[in-house]
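Peer 1: Using the sequences and the hints given, assemble the complete structure.
Residue-level listing of the chains:
Protein chains: 2
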Amino acid sequence: MPADDASAARRPTLTEVAALAGVSLKTASRALNREPNVAPSTGARVRDAADLLGYRLNGIARELRRGATSALVGLVSGDLANPFYSAVASGIERELRQHGLLLITANNDEDADLERNLVEAFLERRVRALLVIPSGNDHEYLSVEGSRGVPFVFLDRPPDRLAADCVLIDNAGGAQSAGEHLLAAGHRRIAMVADLARMAPQRGRIDGFVRAMRAAGNDAWEPYLRTEVHDVRHAERTVKELLSLEPAPTAIFTTNNRLTTGALRAMRGLAEPPALIGFDDFDLADVLGTTVVAHDMSAMGREAARLAQERINGHTGPARTIVISTSITARGSGERPPR
Amino acid sequence: MPADDASAARRPTLTEVAALAGVSLKTASRALNREPNVAPSTGARVRDAADLLGYRLNGIARELRRGATSALVGLVSGDLANPFYSAVASGIERELRQHGLLLITANNDEDADLERNLVEAFLERRVRALLVIPSGNDHEYLSVEGSRGVPFVFLDRPPDRLAADCVLIDNAGGAQSAGEHLLAAGHRRIAMVADLARMAPQRGRIDGFVRAMRAAGNDAWEPYLRTEVHDVRHAERTVKELLSLEPAPTAIFTTNNRLTTGALRAMRGLAEPPALIGFDDFDLADVLGTTVVAHDMSAMGREAARLAQERINGHTGPARTIVISTSITARGSGERPPR
DNA sequence: GTGAAAGCGCTAACAT
DNA sequence: ATGTTAGCGCTTTCAC
Chain A
1 MPADDASAAR RPTLTEVAAL AGVSLKTASR ALNREPNVAP STGARVRDAA
51 DLLGYRLNGI ARELRRGATS ALVGLVSGDL ANPFYSAVAS GIERELRQHG
101 LLLITANNDE DADLERNLVE AFLERRVRAL LVIPSGNDHE YLSVEGSRGV
151 PFVFLDRPPD RLAADCVLID NAGGAQSAGE HLLAAGHRRI AMVADLARMA
201 PQRGRIDGFV RAMRAAGNDA WEPYLRTEVH DVRHAERTVK ELLSLEPAPT
251 AIFTTNNRLT TGALRAMRGL AEPPALIGFD DFDLADVLGT TVVAHDMSAM
301 GREAARLAQE RINGHTGPAR TIVISTSITA RGSGERPPR
Chain B
1 MPADDASAAR RPTLTEVAAL AGVSLKTASR ALNREPNVAP STGARVRDAA
51 DLLGYRLNGI ARELRRGATS ALVGLVSGDL ANPFYSAVAS GIERELRQHG
101 LLLITANNDE DADLERNLVE AFLERRVRAL LVIPSGNDHE YLSVEGSRGV
151 PFVFLDRPPD RLAADCVLID NAGGAQSAGE HLLAAGHRRI AMVADLARMA
201 PQRGRIDGFV RAMRAAGNDA WEPYLRTEVH DVRHAERTVK ELLSLEPAPT
251 AIFTTNNRLT TGALRAMRGL AEPPALIGFD DFDLADVLGT TVVAHDMSAM
301 GREAARLAQE RINGHTGPAR TIVISTSITA RGSGERPPR
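Going line by line, the protein sequences match chains A and B.
So the first sequence is numbered by full-length UniProt numbering: it starts at 1 and just counts up by one.
So the second sequence is numbered by full-length UniProt numbering: it starts at 1 and just counts up by one.
In case anyone wonders, no lab produced these hints; they're calculated from the structure.
These numbers were taken from a predicted model, which means no experiment stands behind them.
The hints are all genuine.
Derived coverage of chain A by chain B (criterion: at least 3 residues anywhere in the stretch with Cβ under 8 Å from a Cβ of chain B; other residues may be distant):
| # | region |
| --- | --- |
| 1 | 54-67 |
| 2 | 100-108 |
| 3 | 115-124 |
| 4 | 283-292 |
C-beta: ideal position from N, C-alpha, C; glycine also.
Peer 2: Have a look at this one:
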């Protein structure tokens, strides 16, 4: 660190800049903000003084004066190490940055209480909008906020007991397509490995899949339904167990990226692997030849940011829901016939 | 949105809470902050009033009064959609949250000017510390800040013309191991596909690899060196081109996760693929059987956050450098013999 | 145990 | 074109 002791203590304020430039506080403010009605020579003198002192605007003071609302947008989500969340976050950040807004992120660790604390912390910081990929189930505590002008947008899961904008994936539709895709390839004994059924997206995916089976008059899937599978290891074990059944399922549908990873691990090295379709696309799925229910995660973030943006700009009106469509990306694993 | 028009406009302030509770401003402040010297009954009355009004502390005002420094730590990095950056960000956030700090993230789009703008924006917001995974090469503009008490930590790439804490990967060591690993399997014609050579981590990886080759007296790699390969598509093309040479290389070393992805795409479906080692571990590398130079990205974030934390707590002293070690994770692709 | 006054650094409103 | 005054919402003296 350079030893610049003299200035180490405190940052210079606008008052000091003004004093050095020999002008009033307000003139200094005008000059640095490039407002009109400042003589060019005065402006230059002020800016020189600012540079000399190493002055930097105090955004906190500005924001307080301008109405105590920041240029920050909060995102509370699951762990960014999960590519689903990070892809969404990336889409959000990119959109916000276009509008001069910054993104604060916090991980709820899939804990409803922590989620609530983080939301409170963001609100204290006077975020302009709050984006939530919820973990908790009750969001009524947010209802006062919505009415106080902090817009919320929910992603991936609709808010509970609260009307608010949200961006969802067509979970039921995507899962139904997956089911139909496997049926069309001739499968009947189709296993579904799902995460916690209490989570809305999982519910939708389960329902969609079941709908496809019912419509085809197929009930051979029923012994192979597994829910409450929440991590990769558990998914791997579950798929191994499914494949050791007699008769074994000839196809597997996994309802999110973690579970698909587990299934791929379980199936590694199998001479005659079952067919597989996973919900959520992922890196290298093309190399692995894994058929997936794909959807645009980055667009999801972008749309959510856009909704927030519009509310920030004063848009009123009823809560809106945007549904991100899905499509089957066939890469081989979902097209394997029953053996 | 619930139609709660009356309160939609403005948030209640502490003054209003105090008025409703029939106490002075200061007493209200004490009560809500749970400071000593407040009669229990008074405290309860104030808190009731706060609940009734839907009061929420204005963190901006508090921060201004307390010294204009926020509870925010900034991270400027590449796109969070890249698992390397998101893993690091996740490690940082987790560590900061333990200490009541929040993470603001912004993507520099690998553009030095944008990076500088984002850094400025963060500093205006009075972040407590600034973490940078640099894209630009000149960081001298930050030197005034360092001396003004905003700690910086650089990740992955050392700062240029500036002494600051940083957390680096043992790039040269990891790449050298990769080279030795391939040599030990009997390879001589080893291709290296590298990213922009001007970036320090790439330089280190290139140097480490070359050192391994020199030490073994092997120069058969030289025709197969490719640098300035910056994205997946380019990597895929480059590897295809390498494999069509006569004689073709029998092994490939890719110097980051993007390039490894490209190589895997290029090698997809090959009956006799060359050996492959990639720098950076990745999801599903186990399923694909890809040997990698692994390192703990989450630990990298954690260490960086820790360094920042210590500086925030007043630690002074010379700039420190932490080096994250690497290790070869053998999964098959790097152990294939030359054909 | 409680309150009055001052002020953090800036910008808005109103002079001049 | 420039300056003066007030005040954002809170915490910090210092007094009672």
